[in-house]
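Asks: Sequence:
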Amino acid sequence: MDKPLKKIFQFLYGPIISVIYFFMQNYKANRERLDKFLNNKKISTILQFTAIGILIIWIIIFLSSTEEDRNALTEQVKKSFHEWKSIDSK
4 MDKPLKKIFQ FLYGPIISVI YFFMQNYKAN RERLDKFLNN KKISTILQFT
54 AIGILIIWII IFLSSTEEDR NALTEQVKKS FHEWKSIDSK
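The numbering of the sequence shown is the working numbering, which starts it at 4 and goes up by one.
It should be emphasised that the hints constitute simulated quantities derived from the structure, not laboratory data.
Source: prediction; values computed, not measured.
Beta carbons are placed, not taken as given, at the ideal position from N, Cα and C, and that holds for glycine.
There may be inaccurate statements among the hints.
Here are the computed lysine to aspartate or glutamate pairs in the DMTMM-like style, where the Cα-Cα straight-line distance is at most 20 Å [said to hold, decoys possible]:
#: 1; residue 1: Lys82; residue 2: Asp72
#: 2; residue 1: Lys82; residue 2: Glu70
#: 3; residue 1: Lys88; residue 2: Glu78
#: 4; residue 1: Lys82; residue 2: Glu71
#: 5; residue 1: Lys45; residue 2: Glu35
Here are the computed distance ranges between Cβ atoms for each label pair [as the list claims (entries may be wrong)]:
#: 6; residue 1: Trp87; residue 2: Ile57; range: 15 to 23 Å
#: 7; residue 1: Glu70; residue 2: Tyr24; range: 56 to 64 Å
#: 8; residue 1: Trp87; residue 2: Asp38; range: 22 to 30 Å
#: 9; residue 1: Ile59; residue 2: Met27; range: 35 to 43 Å
#: 10; residue 1: Ser21; residue 2: Thr77; range: 45 to 53 Å
#: 11; residue 1: Asn43; residue 2: Glu70; range: 42 to 50 Å
#: 12; residue 1: Lys81; residue 2: Phe14; range: 35 to 43 Å
#: 13; residue 1: Ile90; residue 2: Lys39; range: 30 to 38 Å
#: 14; residue 1: Ser47; residue 2: Pro18; range: 35 to 43 Å
#: 15; residue 1: Ile20; residue 2: Trp61; range: 46 to 54 Å
#: 16; residue 1: Val22; residue 2: Gln51; range: 22 to 30 Å
#: 17; residue 1: Leu8; residue 2: Tyr30; range: 30 to 38 Å
#: 18; residue 1: His85; residue 2: Met27; range: 31 to 39 Å
Kindly produce the complete structure, drawing on both the sequences and the hints.
Replies: What follows is the structure, encoded as C-alpha coordinates:
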(Lines of atoms letter the chains of each structure in order from A; the text may use other names.)
(Lines give C-alpha, C1' and ligand atoms only; values in the text may rest on other atoms or scores of the structure.)
Protein backbone atom coordinates (compact mmCIF):
# COMPACT_ATOMS: atom_id res chain seq x y z
CA MET A 4 0.00 0.00 0.00
CA ASP A 5 1.07 3.55 -0.59
CA LYS A 6 2.01 5.52 2.45
CA PRO A 7 -0.84 8.09 2.11
CA LEU A 8 -3.41 5.36 1.40
CA LYS A 9 -2.17 3.39 4.41
CA LYS A 10 -2.49 6.47 6.64
CA ILE A 11 -6.04 7.10 5.44
CA PHE A 12 -6.99 3.46 6.04
CA GLN A 13 -5.48 3.53 9.54
CA PHE A 14 -7.22 6.82 10.30
CA LEU A 15 -10.64 5.58 9.16
CA TYR A 16 -10.62 1.98 10.32
CA GLY A 17 -7.84 1.75 12.92
CA PRO A 18 -9.92 2.90 15.92
CA ILE A 19 -12.83 0.62 15.04
CA ILE A 20 -10.55 -2.39 14.67
CA SER A 21 -8.80 -1.53 17.96
CA VAL A 22 -12.11 -1.31 19.84
CA ILE A 23 -13.36 -4.61 18.39
CA TYR A 24 -10.05 -6.27 19.29
CA PHE A 25 -10.24 -4.87 22.85
CA PHE A 26 -13.76 -6.22 23.42
CA MET A 27 -12.97 -9.61 21.90
CA GLN A 28 -9.91 -10.00 24.15
CA ASN A 29 -11.98 -9.12 27.22
CA TYR A 30 -14.75 -11.52 26.16
CA LYS A 31 -12.25 -14.33 25.69
CA ALA A 32 -10.57 -13.67 29.05
CA ASN A 33 -13.92 -13.50 30.85
CA ARG A 34 -15.11 -16.75 29.26
CA GLU A 35 -11.93 -18.50 30.39
CA ARG A 36 -12.37 -17.14 33.93
CA LEU A 37 -16.01 -18.20 34.01
CA ASP A 38 -15.12 -21.70 32.80
CA LYS A 39 -12.48 -22.03 35.55
CA PHE A 40 -14.93 -20.68 38.10
CA LEU A 41 -17.71 -23.11 37.16
CA ASN A 42 -15.35 -26.08 36.90
CA ASN A 43 -14.39 -25.59 40.54
CA LYS A 44 -16.22 -28.39 42.37
CA LYS A 45 -16.89 -26.36 45.54
CA ILE A 46 -18.32 -23.41 43.63
CA SER A 47 -20.57 -25.56 41.45
CA THR A 48 -21.85 -27.41 44.53
CA ILE A 49 -22.63 -24.13 46.29
CA LEU A 50 -24.48 -22.82 43.22
CA GLN A 51 -26.51 -26.03 42.96
CA PHE A 52 -27.53 -25.94 46.61
CA THR A 53 -28.39 -22.24 46.32
CA ALA A 54 -30.64 -22.94 43.32
CA ILE A 55 -32.34 -25.82 45.14
CA GLY A 56 -32.78 -23.66 48.25
CA ILE A 57 -34.40 -20.86 46.25
CA LEU A 58 -36.72 -23.37 44.59
CA ILE A 59 -37.75 -24.78 47.97
CA ILE A 60 -38.39 -21.27 49.32
CA TRP A 61 -40.63 -20.47 46.33
CA ILE A 62 -42.53 -23.74 46.77
CA ILE A 63 -43.11 -22.91 50.46
CA ILE A 64 -44.31 -19.41 49.56
CA PHE A 65 -46.65 -20.82 46.93
CA LEU A 66 -48.07 -23.48 49.26
CA SER A 67 -48.62 -21.01 52.11
CA SER A 68 -50.36 -18.41 49.94
CA THR A 69 -54.11 -18.04 49.52
CA GLU A 70 -55.99 -19.15 46.43
CA GLU A 71 -56.44 -15.54 45.30
CA ASP A 72 -52.70 -14.90 45.55
CA ARG A 73 -51.95 -18.10 43.62
CA ASN A 74 -54.33 -17.08 40.85
CA ALA A 75 -52.83 -13.58 40.72
CA LEU A 76 -49.32 -15.04 40.55
CA THR A 77 -50.34 -17.48 37.82
CA GLU A 78 -51.91 -14.67 35.79
CA GLN A 79 -48.80 -12.51 36.15
CA VAL A 80 -46.58 -15.36 34.97
CA LYS A 81 -48.85 -16.00 31.98
CA LYS A 82 -48.86 -12.30 31.14
CA SER A 83 -45.07 -12.11 31.36
CA PHE A 84 -44.72 -15.24 29.23
CA HIS A 85 -46.91 -13.77 26.49
CA GLU A 86 -44.95 -10.49 26.60
CA TRP A 87 -41.64 -12.36 26.24
CA LYS A 88 -43.08 -14.41 23.41
CA SER A 89 -44.23 -11.29 21.56
CA ILE A 90 -40.78 -9.73 21.98
CA ASP A 91 -39.14 -12.86 20.56
CA SER A 92 -41.42 -12.90 17.54
CA LYS A 93 -40.44 -9.33 16.55
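Asks: If a hint holds in the structure, say so; if it does not, say that too.
Replies: Against the structure, the hints:
A threshold of 20 Å between alpha carbons decides the hint, and for lysine 82 with aspartate 72 the separation of about 15 Å falls inside it, so the pair holds. A hinted pair counts as satisfied when its Cα atoms are at most 20 Å apart, and lysine 82 with glutamate 70 qualifies at roughly 18 Å. Distance check on the hinted pair: lysine 88 and glutamate 78 sit about 15 Å apart at the alpha-carbon level, within 20 Å; holds. With a C-alpha separation of about 16 Å, the suggested pairing of lysine 82 with glutamate 71 holds against the 20 Å cut-off.
Proximity of lysine 45 to glutamate 35 is assessed by CA-CA distance (about 18 Å); at most 20 Å being required, the pair is judged to hold. For the pair tryptophan 87 and isoleucine 57, the beta carbons lie near 20 Å from each other, so the given range of 15 to 23 Å is met. The hint said 56 to 64 Å for the Cβ distance between glutamate 70 and tyrosine 24, and at roughly 58 Å that hint holds. Separation of tryptophan 87 from aspartate 38 is about 28 Å and conforms to the stated range, judged on CB atoms against 22 to 30 Å.
A beta carbon spacing of about 41 Å between isoleucine 59 and methionine 27 agrees with the range 35 to 43 Å that was offered as a hint. Between serine 21 and threonine 77 the beta carbon distance is about 51 Å. The supplied range of 45 to 53 Å therefore holds. In this structure, asparagine 43 and glutamate 70 meet the distance hint of 42 to 50 Å, their C-beta atoms being roughly 44 Å apart. As the Cβ distance of lysine 81 to phenylalanine 14 is approximately 55 Å, the hint placing it in 35 to 43 Å is violated.
Between isoleucine 90 and lysine 39 the Cβ separation comes to about 34 Å, which falls inside the hinted range of 30 to 38 Å. A hinted range of 35 to 43 Å for the beta carbons of serine 47 and proline 18 is consistent with their spacing of about 40 Å. Look at isoleucine 20 against tryptophan 61: about 47 Å separates their beta carbons, and that is inside 46 to 54 Å. Range check, valine 22 to glutamine 51: about 38 Å between beta-carbon atoms, so the 22 to 30 Å window is missed.
At about 32 Å, the beta-carbon gap between leucine 8 and tyrosine 30 stays in the expected band of 30 to 38 Å. At roughly 37 Å, the beta carbons of histidine 85 and methionine 27 sit within the given window of 31 to 39 Å.
In terms of the numbered hints stated before, the structure departs from hints 12, 16, listed from lowest to highest.
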